[in-house]
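Protein chains: 2
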Amino acid sequence: MIDYFSSDFKLGILGGGQLGKMMLYETRKYDIQTLVLDPSEEAPCKISCNYFERGDLMDYETVLNFGRKADVLTFEIEGVNIEALKQLASEGIKTYPTAETLEKIQNKAVQKEFYKSENIPTSPFAVFQNLEELKSSINNGDTPLPFVWKSAVGGYDGKGVSVIREADDLNELSMGECIAEDLIAFKNELAVIVARSASGEVKTYPVVEMEFHPTANQVEYVICPARIDKRVAENARNIAEKVSNSFKHVGLLAVEMFQTEDDEILVNEVAPRPHNSGHYSIEASYTNQFEQHIRAILDLPLGDTSSKVGGIMVNLVGEKGHEGEVVYENIDQIMQMKGVTPHIYGKKITRPFRKMGHVTIVNENLDEARIIAEKVKKSIKVISK
Amino acid sequence: MIDYFSSDFKLGILGGGQLGKMMLYETRKYDIQTLVLDPSEEAPCKISCNYFERGDLMDYETVLNFGRKADVLTFEIEGVNIEALKQLASEGIKTYPTAETLEKIQNKAVQKEFYKSENIPTSPFAVFQNLEELKSSINNGDTPLPFVWKSAVGGYDGKGVSVIREADDLNELSMGECIAEDLIAFKNELAVIVARSASGEVKTYPVVEMEFHPTANQVEYVICPARIDKRVAENARNIAEKVSNSFKHVGLLAVEMFQTEDDEILVNEVAPRPHNSGHYSIEASYTNQFEQHIRAILDLPLGDTSSKVGGIMVNLVGEKGHEGEVVYENIDQIMQMKGVTPHIYGKKITRPFRKMGHVTIVNENLDEARIIAEKVKKSIKVISK
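Protein chains in written order, with full-length UniProt numbering: chain A, 1 to 385; chain B, 1 to 385.
Hints in this document: simulated from the structure, not taken from any laboratory.
Fair warning: there could be bad hints in the mix.
The list cannot tell twin chains apart, which means a pair is met if one copy fits it or any two copies do.
[To be verified] In silico lysine-lysine, BS3-like type, Cα no more than 25 Å apart, as pairs:
(1) LYS338 <-> LYS230
(2) LYS116 <-> LYS187
(3) LYS10 <-> LYS355
(4) LYS187 <-> LYS377
(5) LYS86 <-> LYS381
(6) LYS385 <-> LYS10
The following block holds chain A by itself, in its conformation from the complex (with noise of 0.2 Å):
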């Protein structure tokens, strides 16, 4: 086993984040030496890291240059540049997960190919290489109405999704490679995360289960474990494994799945990182989601994925209406609350619906959280001065 504890070994992380904050506790725990790559001064990595770089992630000779200075090196963000990646790997650094694997979940209509060719269950979709080339298909009845329109790559927190009901709604989409799914009826939208180290070892979380914002497209609550048949719950965790074995994913993979009328399991997508239905575990798990990642990648012992106590997670976007710097309304009122854990990610600016932190609700009874969760939801509010 390397050294990695105390020791002269760098794993280098691309994004500052707060995927990458959160990391960063548990390389401190183990005291791993960290280099941090991102674009923003104001990255919440910033400190914690050892050392910090400012520069573009999507850059090669900066992603290059940066990479050289690490042993191991992972991403916080999956819009990074891949060639920097195969090029630092072929020089001797481990990348995980892979470029190879990057490269077939960067863009949503390789990755809806991959699940098509691994026998991965998904819904029918089509790939269309422009708008244009979409529009047609729409006209000649290729392509029926309602369905969901994605774009092929770029898509990030409820951009580049959109349900497309009616020709009018064309209008608002971006020009570029996108796919039309068909629009599934179904009764949860459920994610496994799934951890899968260096040498191959694999372990999956609990299911958790997802409720939207009804018009942000946002997760409203995360809720760990997922109310649903045990049958099903070892069906969504069976194809999420599925799914990290045929990526040879190395790393966390956060899988997205739709638990259909028939209860079906349709793998929706992927997040090859540490991921936000996961926040739950830092309070829940045994072993939460970043110390987990750091295990998988190192190619350490995976540690335990199972929860000492319910637990359920709410997002703290900003107010709409609300943008300048940042004020958290009656965070004191939910500190107050049983089993109730703020986390902030440290962004000095709060704007409508961003993503400014999540608060984590334990409890041994999962009904009590989710109780006390609408409460959370209910009292604080993210706004400005």
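Let chain A serve as the given structure and place chain B on it in line with the hints.
Then chain B, alone, in the frame of chain A:
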């Protein structure tokens, strides 16, 4: 309420060791700005705080000038300049715990006298201004052997405490002010951590049970909850709460106690800060001790002190015969065990008995945790390269 979160508010911390380091996980979680003062450039806190200053914690001017940069000042080690804290308080900078409380604790003779005056149960003792006074008291029969000698100042981690069984044992003692305590026949060494906020809200953690290393006088296992009678535990928590209130203590107070053969509780000594006996709380408690300390000194609502699961803490101390660059032998083995989390403090050099980290073992079943804890203890070794 003052706006602490992502604001200009600044928390100063005197001392930059492992306790401060673990406190910084929580200030980062809340995005509270921190300043740290420590004499060493290698201090574990050096990264993760917003501003680090190297300086002597016992130097009046250094502490005063550092403290003036903070809005609230706390400490992670008791050996700080009290006069500077008093001056800062007079200038309107909140210092928690206060200089007045710390003054009663820093000197163990004063601390014992305080318990006596407050009717807090503690073992019988006598105070001596120097070693000569103690020797004559032994010679004229006023202090019968055996007894426990404690240096009034500077004791830490088993230093400054000695069981005196025969006259020769006196040769190894330091010269200064000291106390001689009756050697108590006890069943258990217990500890209770009390949180008391600036506005007087008080909460106690469950009683923990400590097992000491037979020779090094360092804690070997900390077990939560202590496997003791419910009424004894209740009594211990009540006494700990009384101690905190008597001191008008603000922040965390670790109250170390003896459970005598007759199930009496005697207060041994206190530490006015997060404490080794509370490390289990990071993984086991709803609110860990470091978060609780911050809540208390910032006058935020105190969090739930109860446990999600049983917890056992094992200190990682340097092996005998090893001095030099540290290696954590078999750390990968213990990471395979259920519910095991190592914490590496980040000291580069190991020395015999130096506290280099700790390991927490959590489990729904405390007996199972105890079995795993022993396996942990037998596997991992803190050695030099």
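Checked against the structure, which of the hints given earlier come out wrong?
Violated: hint 5 alone.
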